[in-house]
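Could you build all of it, start to finish, from the sequences and the hints given here?
Residue numbers (the working numbering), protein chains in the order written: chain Z, 1 to 101; chain A, 102 to 721.
Don't read these hints as lab results, they were simulated from the structure.
No experiment lies behind these values; they were computed from the predicted model shown.
Mixed in with the good hints, there may be bad ones.
As a list, the in silico SDA-like pairs of lysine to any residue whose alpha-carbon atoms are at most 25 Å apart [as the list claims (entries may be wrong)]:
| id | chain 1 | residue 1 | chain 2 | residue 2 |
| --- | --- | --- | --- | --- |
| 1 | Z | K97 | A | A709 |
| 2 | Z | K97 | A | S316 |
| 3 | Z | K97 | A | L703 |
Covered by chain Z, per the in silico footprint, the following chain A stretches (three or more residues, Cβ under 8 Å) [what the hints assert, rightly or not]:
| id | region |
| --- | --- |
| 4 | 692-698 |
| 5 | 701-710 |
Even for Gly, the Cβ is constructed at its ideal location relative to N, Cα and C.
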Amino acid sequence: MPVGLPFYLGLAAVLFAIGAVGLLLRRDALVLVMAIELMWNAANLALVATARYYGDMGGQVFAFVVITAAAADVAVGLALAVLVGRARGTLDADQLKWLRG
Amino acid sequence: MGALALACLLLPLLGALVLSLLRLPRRVQGLVGAGSILLALIAAVALVLSGGGPGAYPFGADGSLAHGFDVPLATWAAGGTLSIPLGLWVDGLSAVFVLVITGVGFLIHVYSLAYMAAESDADYGRYFAGMNFFVGAMLLLVLADSFPLLLLGWAGVGFASYLLIGFWHERPAPVLAARKAFVLNTAGDAALVLAIALLFAGTGRLDFSGVLGASGASALAGQPGLLTAACLLLFVAAAAKSAQLPLQSWLSDAMEGPTPVSALIHAATMVTAGVYLIARCHPLFAASPTAAGVAGTLGALTALGAATVGAFSYDLKRLLAYSTMSQVGYMIAAVSFGAIAAGTSHVVMHAFFKALLFMAVGLVMHATGDERDMRRYGGLAAELPLARWGFLAGALALAGIPPFAGFWSKDAVLGQLLSGGHIGPYVLLALAALLTPFYIFRAYYLTFGGRYRGRQAVHAGGAASLRWPLVVLAVLSVLGGVLAVLLQRGWGEGLDWSSMGISTVLAAAGWLVAWRLYGTGDARADAWTTSVLGDVVRAEYGWEGLWQQVLVRPTHALAVWLRHSWEERAWPAAEGGIAAAAAALGRGLSGWQSGLLRRYALSMCCGAALILLYALVAGR
Numbered sequence: 001m002p003v004g005l006p007f008y009l010g011l012a013a014v015l016f017a018i019g020a021v022g023l024l025l026r027r028d029a030l031v032l033v034m035a036i037e038l039m040w041n042a043a044n045l046a047l048v049a050t051a052r053y054y055g056d057m058g059g060q061v062f063a064f065v066v067i068t069a070a071a072a073d074v075a076v077g078l079a080l081a082v083l084v085g086r087a088r089g090t091l092d093a094d095q096l097k098w099l100r101g
Numbered sequence: 102m103g104a105l106a107l108a109c110l111l112l113p114l115l116g117a118l119v120l121s122l123l124r125l126p127r128r129v130q131g132l133v134g135a136g137s138i139l140l141a142l143i144a145a146v147a148l149v150l151s152g153g154g155p156g157a158y159p160f161g162a163d164g165s166l167a168h169g170f171d172v173p174l175a176t177w178a179a180g181g182t183l184s185i186p187l188g189l190w191v192d193g194l195s196a197v198f199v200l201v202i203t204g205v206g207f208l209i210h211v212y213s214l215a216y217m218a219a220e221s222d223a224d225y226g227r228y229f230a231g232m233n234f235f236v237g238a239m240l241l242l243v244l245a246d247s248f249p250l251l252l253l254g255w256a257g258v259g260f261a262s263y264l265l266i267g268f269w270h271e272r273p274a275p276v277l278a279a280r281k282a283f284v285l286n287t288a289g290d291a292a293l294v295l296a297i298a299l300l301f302a303g304t305g306r307l308d309f310s311g312v313l314g315a316s317g318a319s320a321l322a323g324q325p326g327l328l329t330a331a332c333l334l335l336f337v338a339a340a341a342k343s344a345q346l347p348l349q350s351w352l353s354d355a356m357e358g359p360t361p362v363s364a365l366i367h368a369a370t371m372v373t374a375g376v377y378l379i380a381r382c383h384p385l386f387a388a389s390p391t392a393a394g395v396a397g398t399l400g401a402l403t404a405l406g407a408a409t410v411g412a413f414s415y416d417l418k419r420l421l422a423y424s425t426m427s428q429v430g431y432m433i434a435a436v437s438f439g440a441i442a443a444g445t446s447h448v449v450m451h452a453f454f455k456a457l458l459f460m461a462v463g464l465v466m467h468a469t470g471d472e473r474d475m476r477r478y479g480g481l482a483a484e485l486p487l488a489r490w491g492f493l494a495g496a497l498a499l500a501g502i503p504p505f506a507g508f509w510s511k512d513a514v515l516g517q518l519l520s521g522g523h524i525g526p527y528v529l530l531a532l533a534a535l536l537t538p539f540y541i542f543r544a545y546y547l548t549f550g551g552r553y554r555g556r557q558a559v560h561a562g563g564a565a566s567l568r569w570p571l572v573v574l575a576v577l578s579v580l581g582g583v584l585a586v587l588l589q590r591g592w593g594e595g596l597d598w599s600s601m602g603i604s605t606v607l608a609a610a611g612w613l614v615a616w617r618l619y620g621t622g623d624a625r626a627d628a629w630t631t632s633v634l635g636d637v638v639r640a641e642y643g644w645e646g647l648w649q650q651v652l653v654r655p656t657h658a659l660a661v662w663l664r665h666s667w668e669e670r671a672w673p674a675a676e677g678g679i680a681a682a683a684a685a686l687g688r689g690l691s692g693w694q695s696g697l698l699r700r701y702a703l704s705m706c707c708g709a710a711l712i713l714l715y716a717l718v719a720g721r
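Take a look at the structure:
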């Protein structure tokens, strides 16, 4: 059968889920950033696929915005990770708990 | 004319304000205290004269208060169906009461100038402030043109009574008496509020012309149950204020206050507030024979019962208190059954002779070192001639001996009841008319006849200001019958010659018995009062004990139990519990703030999932 919208959305959902699970289960800060990036891209895929399916250019234009946002997010996240790693000597998320109330 | 009415009302209140706020020398305090009442009296007289005299506002032919004039002052909260007019209403009834209040009030204030001279400057001022406030509140009560304003005056006199009964507040007895009076009065206040609410529900109006006039009558004609209930509640309120059954027990204890207070508040004016209320609302009582019957019968019962207790009393002031209860019973019975002129004339006469009696007793007390027990009196006629003759004049008037004042009004009451067909109350009041001369002449002979039985030396003497009010009241007690007859004539109730014979016989018989027993002043004649029956009667037939058992003890036990279980146990536990719960909640919630990144991420994911779910589900 032709590859329709549901497949693309399903793929996007799976990618998003993998990213979410990774965010929840991995400890290394860099891996967490990677997981977040994966989630961004899953959303992107969903956007573009839907836009192509319905013939609406708005979705594809918005995908560019999302790419930019993701890039900004990665930049900030990596910068934070570098700084924290230098300051505390570790990137293990379980050990970064100075925000404890 | 409206200005005169307003001035009459406001002057005593102004006096009270000045006396309570400023620290003045004693003479100025007395001047302000008595002077404000004098000015109010002058205003009242001017008011009545400018209206053409009290005969100019007679009752209408149908018994309604057809002639009077309204002095509208303001309207409070006029919104939708509720409109509370504030104004003064001057007609025959209110004019008579105003004259009595300011006239007798002024005499009592003058008497108090010297009587209360032993007090400190601050207490002297406090006394006159309280008395002035009372007069102002009582004037408001009788001059109001709507029920809410009347209620304001009503509550005001109750409060003034509390202040003045408990005047010597360092002693426990006056404080308890004041508290008791206030509690019983408050029961009456509650009843009055309910009655006003019922009348408003029935007629939609709160002013007298609306409720008591033709429109109110037609509105209430179709609601007999509501009308009767309202009238019964009005009677309860009147009973509380006028010390009638079943709310009468505060008056005898109220004698703990200074004697002029007893004279003004508990003889001449406040206890007649209930009479005024029923007289004012007499169209309502006329339309509800059930309520009128209940009120009149209870009034008559009180008259007789109080007279019997008075006959056994040793304490002279308490005896006069029971006498007041008894005479007010006459008034209540009269106005309940529609004999407004008779009842009102008795109010006026009673004010004269009862105030006179209290003043005379005050002189006796001053001379014997504040002694009140008649067993320690005797033979005071020589030392205190003014007190003796004053008391005699008052006694003759009270007993209803013609041609003294009390005869004309008391006989009018009896005659009206008889001709109105109210035989039961008539019999009760006639029996009371037999007992009244007995107890008052018993008091007279025991006090002024025979030989002195007391321990302290008797020192008579006193300022002139103690004397001439007594003289004025004595003259009024002797000659005042003219006023009573004029009032009755003017208001359409003629003299009833047939009942006069019976009244005279009753009065003479009572006096004769007293004279035979006590005429020589020998105290041994009083031995019959020391029996067990005497103790029972003096305890008001166990009424006080009944109240204690039924009301006071359970309430007290409830209060103690509440304090024990609630204030000392449950409430601290509840407070502690709430605090502990809050702390526990805080501790529990703070577990979430672990600082762990992954846990925060988990929370965010869960939250996002929930929102998505909601969006999915709610979108359907």
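Exercise for review: Mind taking a look at whether chain Z covers the region 701-710 of chain A? Criterion is 3 or more residues with CB to CB distance under 8 Å.
Suggested key: holds (count 3)
**Study point:** Restraint status (C-alpha distance of K97/Z to A709/A at most 25 Å)
**Key:** Satisfied, since the Cα-Cα distance of roughly 23 Å is no more than 25 Å.
Check your understanding: Counting residues of the region 692-698 of chain A whose CB is closer than 8 Å to a CB in chain Z, do you get three or more?
Key -> As far as the region 692-698 of chain A goes, the hint holds, because 5 residues have Cβ atoms under 8 Å from chain Z.
Check your understanding: Has the given pair, K97/Z with S316/A, been kept, meaning a C-alpha gap of at most 25 Å?
Key -> violated, 83 Å
Review point. Taken at face value, is the distance from the CA of L703/A to the CA of K97/Z at most 25 Å?
Key: holds, 15 Å
Checked against the numbered hints given earlier, the structure breaks only hint 2 and satisfies all the rest.
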